[in-house]
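Full structure from sequences and hints, please.
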Amino acid sequence: MYPRDLLLLVVAVLLVAAFLAPYLGLPPFALSLVAGYSMYPSLKPGDLVLSTAVWLTGFSKGDVVIYCTGLFHCVVHRVVEVAGGAVVTKGDFNPAPDPPVPETAVKYREVLAIPLVVWLPLAVILVTSLFVPLWDLRRLFQPLHLETTLFVLFVTLYAVFTALYVVGQPPYRTVLQAPSLELAGYEISGDYTALTLDYSTFNTSIVGVSSCSVVSPAGLYSCTYARVVNGSRVVIGVPTFLYKELFQAGVNYFYVNLTAKLDRGLLIGYYPIHFTLRKPAVKVEGCTLLVENTLPFPLENVSVRVTYVNSTWVGLVNVVHSRDESFNATVEPMETYRLELQGVFDYAYVRVSYYYGNESVVWVGRVEPCSR
Amino acid sequence: MGESSPVVGEGERYKKVHYVTGLLTLFYGVYMVLALVLPLYRVYGVLDGLVAFSYYRVTYYGAPVTVDELDRTSYMAAPLVLFTVYMVFSGANLLLALLEGEDYTVQLRLCFTGGLVGAVSSAVFLGLYSYFFTRAVSTLSFSLDHVTSAGRLILGSSNVQQFPYTGLLLNPLVHLVLALATLLSSTLSILLHTGRGWPTKPHEAEGPGHAR
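As you go down the protein sequences, you meet chains Y and C in turn.
Oh and the first sequence: position 199 is 199 in the working numbering, straight run, nothing missing.
Oh and the second sequence: position 165 is 165 in the working numbering, straight run, nothing missing.
Simulated from the structure, these hints should not be mistaken for lab results.
Don't be surprised by glycine CBs; every beta carbon is placed ideally from N, CA and C.
Where hints are given, some of them may not hold.
Claimed, not checked - What follows is a set of in silico ranges between Cβ atoms, one per label pair, in the way DEER data are often shown: (1) C:Leu168 <-> Y:Tyr165: 18 to 28 angstroms; (2) C:Gly167 <-> Y:Tyr165: 22 to 32 angstroms; (3) C:Asp103 <-> Y:Pro115: 42 to 52 angstroms; (4) C:Ser138 <-> Y:Pro99: 26 to 36 angstroms.
Unchecked claim - Selected chain Y positions facing chain C (Cβ under 8 angstroms, derived; list incomplete): (5) Leu146; (6) Phe154; (7) Thr162; (8) Ala178; (9) Leu181; (10) Glu182; (11) Leu183; (12) Leu266; (13) Ile268; (14) Gly269; (15) Tyr270.
Spelled out as structure tokens, the structure:
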């Protein structure tokens, strides 16, 4: 055997021993290849890690150590804690630490990391030089040298570009901002006839409404109208008779089913809408009785009874006379029933009664004459 | 017609094989050019465009976008581009040398090397590269539909469709067969050209087109 061949054999044996060292734990030095992004950016995939046995140099917190968890699976991570005979490691790029391992499981400590782009070309050149006379290009055109050189060049190129692809930045995806919109809120108009749906839009706008309906336990009704305002607001008309049905059923919500056209797609929304009805108000202004219907439907069977009271002194006796007048009225939605008390009277009692749902409401008040 | 020497006559007889080698090398090169240049995938929907091995053009709602994964695979195509140029150059050069009656020993060796590289590494690399490439292309297929507080947003999707020839151009087996055919043909050419075995020294060549 030639001395050069013997040297090659020794180098080959040493290399094999170094690569097997993490599993064996005995050789003083080990070589490992990084295969993932867990230690990025300290170690990248393809990096060659040269490490020394811990029986030789020991290790402490902060060191990058190597331990094997199974056949053909070793971990190259940083020590974050050493306590009670256990070691906790964590990859620099990992969000959480690894499960603890016994201190005896740690076999090697990293001393040097050679990037792939450095060690691979060097290895290729070294191996190529065994076959190709790179130091004498005249010999290139001798038999087999041209073929070998070109072949090695192409293989090296492929290897380097594959390596560059693998050891590039950690894999990530191009993020395309998808159009989106959220429901910012809704508001029912004072007269309950319009519902405004406000949206916060992102990279899109509402261009139209293709269908709109109001869904309630009482039934399904079409919106009386629907229009888009400024691309981010939809105003829809709610049939007012719906409120009466809901009010009588004791329900204070309904649903809006809306299909809106976007400039970049379609929106299908189904929104629960809660509403609060304001109770009709009865008040007296001067000698006028006011019954304000604040409901979106007629207030029917409003019964008003006025008792006019007059008193006169006959001698020392105060004689009181009274007369009653009764009215029945229906107050239209959002309108006010006015009853001006006329005639001569000292004062009057007014009794207003109506039904607010299932509740009987009675209001009694005293009205002074206007002429006083 | 004058009687030619036995050596020259033998060389003339084998020229057909050399032509086949040149044509195969050129065909393999052109095939690689097609694989690199022709669009292999059509993207339609919210993303729209064409994706080839060495380039892509994709728009998102009409605006051109860059796709990181495709950028990386495009850079990775560089050695294949080089190899393609090499094969086209070698094949065409051999054919020209044959047509013009020049010495074509080196051209034959270049074709042989091309076949060897193609058979041993290019097919493997192309297989690996195809995997990365198709993986990158698959990221272009997605749906933008999602649900927010506003409701269900139907915004469309992006779909990827391959062309009828994509499977043929991306198949490493086809590349391997072509490379092996080139390799076998060029090996045969060299063996026939040199008589037996490899030439020992360049100065032993007996004239144009002969290395013996």
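Hint-by-hint comparison with the structure:
C:Leu168 and Y:Tyr165 have their C-beta atoms about 24 angstroms apart, which keeps the hinted 18 to 28 angstroms range intact. At roughly 23 angstroms, the beta carbons of C:Gly167 and Y:Tyr165 sit within the given window of 22 to 32 angstroms. C:Asp103 and Y:Pro115 have their C-beta atoms about 45 angstroms apart, which keeps the hinted 42 to 52 angstroms range intact. The beta-carbon spacing between C:Ser138 and Y:Pro99, approximately 33 angstroms, falls within the hinted interval of 26 to 36 angstroms.
A distance limit of 8 angstroms between C-beta atoms decides the matter here; for Y:Leu146 the minimum to chain C is near 6 angstroms, and the interface restraint holds. Proximity of Y:Phe154 to chain C holds as hinted, the smallest CB-CB distance being about 4 angstroms (cut-off 8 angstroms). Because the smallest distance between the Cβ of Y:Thr162 and any Cβ of chain C comes to about 6 angstroms, under 8 angstroms, the interface hint for this residue holds. Residue-level restraint check for Y:Ala178 holds (minimum Cβ-Cβ distance to chain C is 5 angstroms; threshold 8 angstroms).
A cut of 8 angstroms between beta carbons decides the hint on Y:Leu181: the least distance to chain C is about 5 angstroms, and the hint holds. Hint on Y:Glu182 holds. Least Cβ distance to chain C is approximately 5 angstroms, under the 8 angstroms limit. Annotation: Y:Leu183 was flagged as interfacial toward chain C, and the flag holds, the nearest CB pair being 4 angstroms apart, inside 8 angstroms. Hint status for Y:Leu266: holds, given a least beta-carbon distance of 4 angstroms to chain C, under 8 angstroms.
With a least beta-carbon distance of about 5 angstroms to chain C, the hint placing Y:Ile268 at the interface is held under the 8 angstroms criterion. Of the supplied interface hints, the one on Y:Gly269 holds, with its beta-carbon coming within about 3 angstroms of a beta-carbon of chain C, less than 8 angstroms. Against a cut-off of 8 angstroms between C-beta atoms, the interface hint on Y:Tyr270 holds, since the closest Cβ of chain C lies about 6 angstroms away.
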